[in-house]
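S.K.: With the hints as your guide, set chain B onto chain X.
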Amino acid sequence: MSKVAITGMGIISAIGNSVEENLNALMSATSGISTIENIDTNHKNAIKVGEIKMTNLELSQLLDLPEDNNFSRTALLGLFAAKQAVKNARIENINEHKTGLISATSVGGMDMTERFFYDFIENEENRRYILTNDAGDSSHKIADNLGLEGIVTTISTACSSSANAIMLGARLIKSKKLDRVIVGGTDALAKFTINGFKTLMILSDTFNTPFDNDRKGLNLGEAAAYLVLESDEIVQKERKKVLAYVAGYGNANDAFHQTASSENGEGAYLAMEKALKNANLNPGNIDYINAHGTATQNNDLSEGRAIQNIFGQNVPDFSSTKPFTGHTLAAAAAIEAVYSILALQKNIVFPNLNFMTKMEELNLVPVTELKEKNIENVLSNSFGFGGNCSTVIFSKS
Amino acid sequence: MKKVYINGLGCISCQKTFDSVFLEEAEIEKNQNVLTAKEPVYKDYISPGASRRMAKGVKNGIVASAMAMKDANVTNLDAIITGTGLGCIEDSEKFLKSIIDNKEEFLTPTSFIQSTHNTVGGQIALGLQCKAYNFTYVNGGISFESALLDAKLQLELDESETILVGGIDESADFTTQFFKIAKVIKSDDEKNISILDKKTKGHVAGEGASFFVLENKKTENSYSEIASISVVNTLEPNQIEGQIKNFLVENSLEINDIDAVVLGINGDINFDNYYEDISENIFKNTPQVYYKHLSGDYHTASSFGFWVASKILKLQEIPEIIRMNSVGKRDYKTVLLYNQYLGKDHSFILLKQC
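Here the protein sequences line up with chains X and B, keeping their order.
Everything in the first sequence is counted per our numbering, starting at 13 for the first residue and increasing by one.
Everything in the second sequence is counted per our numbering, starting at 253 for the first residue and increasing by one.
For the record, the hints were derived by calculation from the structure and aren't laboratory data.
Cβ coordinates follow ideal geometry from the N, Cα and C atoms, glycine included.
Treat the hints loosely; a few may be bogus.
What the hints assert, rightly or not - Some chain X residues near chain B, calculated using beta-carbon distances under 8 Å:
id, residue
1, F132
2, E134
3, A155
4, S168
5, S274
Unchecked claim - From the derived model, a few chain X residues whose C-beta atoms are all more than 12 Å from chain B:
id, residue
6, A41
7, E136
8, E161
9, T169
10, K203
11, D217
12, V247
13, N297
14, D299
As the list claims (entries may be wrong) - Taking lysine to aspartate or glutamate pairs in the EDC-like style, the calculated list, with each CA pair at most 20 Å apart, reads:
id, chain 1, residue 1, chain 2, residue 2
15, B, K432, X, D52
16, B, K254, B, E502
17, X, K188, B, D271
18, B, K349, X, E161
19, X, K286, B, E502
20, B, K349, X, D80
21, B, K435, X, D131
The following block holds chain X by itself, in its conformation from the complex:
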């Protein structure tokens, strides 16, 4: 078996609370980038974000959680998207097959920790959040709420995290360790990451413009998305509808710098090369690249070089969807997996919004208008701190 079936997906992002809403926004070129409302930060007017305009209370009510729950926003978003994915895959009894959950997050419960940090010591009231800081907490809450009893684990490799969750999930299905696995990621906006990226001076004060010569940096975002991967046996036995396949994947390390990508994008090149080999595809088979494209000076040049090195003169249609959602860190690869699957299903390339001027150094122009064409294979890139570079390839069902 070389491909792994995707039978369900769920998503919540700045452009919608369902797969359909996300698709509609992508089709109508409606960006979700706005001014921050849910977090009280000094940088409010100096940044733009891909924020989900629902409060924690609204989310917990939609999820039927008790009032005194101790869900971080990361866990709320994660559960919201994971429940959709399970429903979409028409799973009734989650433990009927050997099922796992591989989730990804970078901030974990930081949104609550940063709110109550000194308060934990002074007051009893919010101490129920003390143990929700660690990254595994949101995964456990999702698993408990879904009633899932099998393997639960969490990956955190910064901004490539959920690509790696998809990768591990696919490997667990291929090796028959699991029959079914829910994979994806979740990250909420937090002062921690806003200030972190601010100190690195890579936050744009306006709408992000990936692959543009005059790009000013990224917009942070928040989101969660999960896919359900199932074995061929289940798909055949239960006559499951397959949305798309995970066809290949690769992870490599740039080994250049803790936060910056190497100028020639070696790690990115290696990840794409491995993924193509793993999928048994040639560069010519790729119809669309959903790029990492964060709109930082460093990423877009490095990724652009790597793309040119892999594809040569025949770079396929490519775009970054981050002008829609912002950079959602550990969730980015999961929401972009959903977009890649939608591209395969609908035979469309989503536009790279806000692009004006070609980068001087490269001969790369992204797709800027919605484009219809037959799409068989989509390559999706995600790169993170620590030199972590991941590529996943999705194929038509």
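M.R.: The following block gives chain B in isolation, referenced to the frame of chain X:
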């Protein structure tokens, strides 16, 4: 499928686990509820300039990984896979404190840059210029076991031949204080703690980094074979015996085949009942080993237990200081490890002499 061997190890812990054989210099600390790692000579491994900027978890990870690679006599890796419960919590706290204290102004990026969970894996790759697969697992008490599972999968299928795996956690002031408030760590007024006899709420905390070189070929330096690993997110105390029996059946083994059982007992009255039944019943006549009185407890303390079990199988001895009962065996051929963290994230590992 290929077999998977532990061919090298390196351990920085709250005991002197470097430049020593097997816990002969270990001491039980009875007056502290938070143990700190014994520091190696960092400058032998990391330039002083780089060392100054690194938190202790990163430094300990780099040193332990270098020790493991030297022990296994390998220089090239096909993958680096780490597990950590709280990641670089020292730098996370530092950055968070400065955000709050300085009201989001005058911040510098260093501690943010180093706060990501995969900093240790990334820094090891950077130091070795290793461009291979690099994953970090962050799932509470099975963070390390997740890394082991991933590595085992790759080695069995021959996708990789040599993999570095490690578990790292460091303590940090505020998190320790929060854990005391939440009664995860024993309160300050408890002294003279024996985690076997006098059980109270919470554990004695520790920190450390344990790294292992895993390969799918046996070498002269092999410690043991990793026969099987199983993780379960949630179990009740009365399910442990059944879980272990099933795990053994899956591996064609019976209780009598287990020559030593290594348990994650930590003196926490709320959760040690997960170990009590099996310790008093099915493993009554089996040599029992505990280790958290030496390592302290933390999310990846089980990687210290894994180090202990590897040593038992290679050296064929159980030091007195980690024995829970007086049962002995002439040969240690098969060792079972069981651990859980706050009643969640249960792990079962089978190691075999090779």
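S.K.: Indicate, hint by hint, whether the structure satisfies it.
M.R.: Status of the hints after comparison with the structure:
no.	hint	in the structure
1	F132	5 Å, holds
2	E134	10 Å, violated
3	A155	6 Å, holds
4	S168	4 Å, holds
5	S274	10 Å, violated
6	A41	33 Å, holds
7	E136	9 Å, violated
8	E161	6 Å, violated
9	T169	5 Å, violated
10	K203	6 Å, violated
11	D217	15 Å, holds
12	V247	22 Å, holds
13	N297	22 Å, holds
14	D299	27 Å, holds
15	K432/B <-> D52/X	29 Å, violated
16	K254/B <-> E502/B	18 Å, holds
17	K188/X <-> D271/B	42 Å, violated
18	K349/B <-> E161/X	37 Å, violated
19	K286/X <-> E502/B	34 Å, violated
20	K349/B <-> D80/X	27 Å, violated
21	K435/B <-> D131/X	17 Å, holds
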